[in-house]
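Fit chains B and C to the supplied structure of chain A, relying on the hints for placement.
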Amino acid sequence: MAGRGVLAYGFIGLLLLVVGVPFYWMVNTSLKTSAQLQSLTPYYYPSPATLRNYAALLGTTNFLTWIKNSALVAVGATLVTVVVSSLAGYSLTRIRYPGRRVLATTVLVVYLVPPTLLFIPLYTVLKSFDLVNSLWALLVAYPTFTVPFCTWLLMGFFRSIPRDLEEAAMVDGATRLGAFTRVILPLTTPGILAAALFAFTLAWNEFLYALVFMHNTELKTIPVGLNDLMFGDIFLWGQLMAASVLTTVPVVVLYTYLQRYMVEGLTAGAVKG
Amino acid sequence: MTLLARGLSIVLAALLLLTGTGSPALAQKPKIRVWLLRTYVPDANHALEDSIKRWATSKNLDPVIEYFTFDDIETKYVAAIETNALPDVGQLQTIGPARYRGMGRLLDLTDLANELVRVNGPMLESALPVVRAPDGRFHAVPFNYITDMQFIRTDLFRKAGAKVPTTWEEVREAARLIKAKGVMEYPLGQSWNRSADGYGVFQALLYSHGGGWADEQGNYASIVNDTWRAVVRWASEIYLKDKTVPPDAMSWTGFGNNEAFLTGKIAFTFNGPSIYYVLEKEHRPILKDTLMAIKPAGPAGRNHDVLLLSWTVFSSSKQVEAAKDLIRFVMSTDEAKKYMQQSWGQMVPAFERLRQDPYWQKNESYRAVLEAPKYARTPGWPGPLTAAAAEVVATHVLTDLCARVIVDGWDIEKALGEADKRIRDIYANVPSR
Amino acid sequence: MTKPSAWRRVLVADALVGYLFVLPLIVLVLGLVAYPLGNAVWISLTDKYVGYASRFVGLANYVTLTRDPIFHKVVWNSAVFTLASVAVKVVLGMLMALALQRALVARSFLRAALLVPWVIPTVITALTWHWMFNALWGFINVTLQGVGLMREPIAWLGQPATAMAAVITANIWRGFPFFGVCLLAGMQAIPRDLYEAAAVDGASPAQRFWHITLPGLRLVLLVTTLISLIFTLNDFNIVYVLTRGGPGTATHVLATYTYEVGFQALRWGKAVAVSMYPMPVIAVMIVIVTRYLTRED
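Protein chains in written order, with our numbering: chain A, 1 to 273; chain B, 1001 to 1433; chain C, 2001 to 2297.
Any given hint could turn out to be false.
Said to hold, decoys possible - Which bits of chain C does chain B cover? Going by a derived footprint, with three or more residues having C-beta under 8 Å, they are:
1. 2043 to 2051
2. 2134 to 2143
3. 2155 to 2166
4. 2245 to 2254
What the hints assert, rightly or not - Here are a few chain C residues that sit away from chain A, every Cβ distance over 12 Å (derived from the structure):
5. Val2075
6. Ala2079
7. Ala2084
Don't read these hints as lab results, they were simulated from the structure.
Ideal Cβ placement from N, Cα and C applies to all residues, glycine included.
Chain A on its own, in the form it takes in the complex (with noise of 0.2 Å):
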């Protein structure tokens, strides 16, 4: 037993170092000039260590901004990537109805054309609703590519759970929609996280349509803000370590305390991860 649990924290130990050594790099650098990033020497650590880049990232760029608008975008398509890919990911693999094979297929064939590629059309169903410009903008196109992964996502969820748990609810009065939110979706909470995570993750990341469908500075996300430290062959490599540091620590916290709070406070009985 012990000999196994010693396997794991090796293991564990080693996936740590694969990913602290380049993350151990970027925080490095942040906390160096680059006079000092330049000179090589020191090389492993920063001597002496400054926070002039994070200042500089928080007050000379519009970093804050960038952040604001990231979070609000990503959270919002994240809601509605959860609420709607659930619903659908659920009926379509627990419900019976015609058609629902050709449905799951079609949903999912429609994205094989990259994003990139769709940005014109896009750009001009969006603008006929007035949304270019503005933020809404991404909370309406963003889910067009995160809903569908989801869906699929959370369809090899729901798969996995025995058919009869939501039967007995409804054997016993419970309506579809409360069996679901009841029974179902308190198992299947960690997946549910997992897809969200992917899907902020997505949104968090992207970048032509927040470069090509909004004008103002004022609404940048971060990563088309990032793009505003790189200037062809000047990088302002310590500012984009920091905003490297201070977009990930928020995030990785966050998601810790979801974790705890949703899975373990939600899963506390049932099934025992």
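Here is chains B and C on its own, set in the frame of chain A:
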């Protein structure tokens, strides 16, 4: 679950409210939209923005200025063209005028160009093929050059007894000498990569040898000849024979040679003045040992590459007169000089009166930067800059050619054959105007 | 026991609820994607060049691509890049999920820490790996040379084979947490008593994995893998920032080629045709997996 649902709906409502309050207050004055290149010199960016705002205030207009970096602005233009969302005034990069005038998107600015010449003196010869169409009309007016230079570490050259190269052969000799004397393992930082660094220098090398892929009328001309063989030999032998280039240089993207020079890993390279900007701005120790020199000459003289930024007015603009006036103002001698003084020598004017300003006599490096654009040639030389020539550059045909020999180990004949076919196909398939 | 007509009524009502649940999805697809997709398909059949009107050319773009040796290389690179990356991500993700499931101390922290590569903005991940792989001042070479394990610097990004390995490595680093999270979530849905019964029966951990964990995870694994295949196939940032598709065309993939043809050469018709090419293969995969997912028990 209901608690969660309630919480979620509150969050969603809050988000909806927040996005709603993001909309700006109604402006009283009519707007004029300007797209500017966000250069790496914040002082210069601010000076230009300041200029525009002062002009706008005097005209009772509301300037909507949007900044995009060099790569992003091209994507924005492509999207804007297809979705009819172009601004009133925009800054273009080198091949911009040639490409967009063919699409009918640019206003005829011949009058404005002539006015600016009257005010600021004649433009450099080398600017004309960029902003002036073959039929003589101007669709853009020159803003500034960002010139590609030789960056020399004079201390390392001195140590090895090498002289600043004035010909391409001397470049190879200097590199070999520095390596042979044990001063630096990989002295020359030149990559034939898929970026302006890679392409620009190759063009300079090629044209200085009298090579080209188009004739004077702008039609395709075969590249399978001795001039090209010599050029590709030069490009590949610095890697394969001399081994004077860092082993992974072919994988550098735009900033690779900058970092190599700034970290002291190479003794010389070709680059825009941005390296000098960093050295000056941050008072780096190697500044005193860094010289910018004009790029070398070949058997056909000095024929180099060009990076010229220009101003244009888009034909879809509803405020053509105001747009032209904006350009007239920011390019007037006094305003242009204000910009120049804030530009840390990074951007070289095209107009004579501005070029004669003592600002450029600061030191030998600045003088070289001032002089270098005289040798600038556009892609497609000796013919005009056409959409086909632009596509040859955009699809990296020439740098891929070098990569075939250096990285894939092809022999020069085979690589030239492939590149020749690619160029021929491009010229055969360009949309006609 | 209910009467037949009542049973039918329940089924119809249930089916209606089913349609209702799936309605938002349909609206989204029809409303926002059908037109852009139709438009894209149409454009691939024209000679559309940015800024100019398009002319119908039928399958000319596709035919040209079939004969284009650079496109052949691009397809080969994409296949290698996608298959190698996804294969390793599946294994790493599975091991990560198994290890995390066993880890009880500091579990939340570990889960969060291992999520970091997935959350960092991709462009910065790619830039970081670009530095790591640099031959003269990159982390890998400096460290290996510093401890005496390397004499001549290896030009990781400068040679075709190592450059491909490098982009694959960066993609794996960024992507394995996604598998880890999904597979761990899938594992948490497997009933505990199955494991307890197997333990009582004396099954070894390997047997428990093979006979309980893997079958229980089958669908989640299938879906996650397919999603990852599609996204890895379309991955742009990592390759573009690390190598721009270079050196030469050694790491040029579909996404970077599409970008070059569409945004740099401005040949929009051809660019869309490039990205449509893998469609048949992926469509087949999707049909197969959907069959599994919607199978009657």
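Check your understanding: Checking C-beta pairs, does the stretch 2134 to 2143 of chain C have three or more residues closer than 8 Å to chain B?
Key -> As far as the stretch 2134 to 2143 of chain C goes, the hint holds, because 4 residues have Cβ atoms under 8 Å from chain B.
**Study point:** 12 Å cut-off, C-beta based - C/Ala2084 kept clear of every residue in chain A
**Key:** Nearest chain A Cβ is 17 Å from C/Ala2084, so the label holds.
Review point. Are at least 3 residues of the stretch 2155 to 2166 of chain C within less than 8 Å of chain B when you compare beta carbons?
Key: holds (count 7)
**Study point:** 12 Å Cβ clearance of C/Ala2079 from chain A
**Key:** C/Ala2079 is indeed farther than 12 Å from all Cβ atoms of chain A, at 16 Å.
Point to revise | Whether chain B covers the stretch 2245 to 2254 of chain C (at least 3 residues having a Cβ closer than 8 Å to its Cβ atoms) | key: With 6 residues closer than 8 Å to chain B, the stretch 2245 to 2254 of chain C meets the three-residue bar; holds.
Point to revise | C/Val2075 and chain A, when compared Cβ to Cβ, separated by more than 12 Å | key: Correct as stated: the minimum Cβ-Cβ distance to chain A is 15 Å, above 12 Å.
Review point. Taking a Cβ-to-Cβ distance below 8 Å as contact, does the stretch 2043 to 2051 of chain C have at least three residues touching chain B?
Key: holds (count 4)
Every hint from the earlier list agrees with this structure, and none is contradicted.
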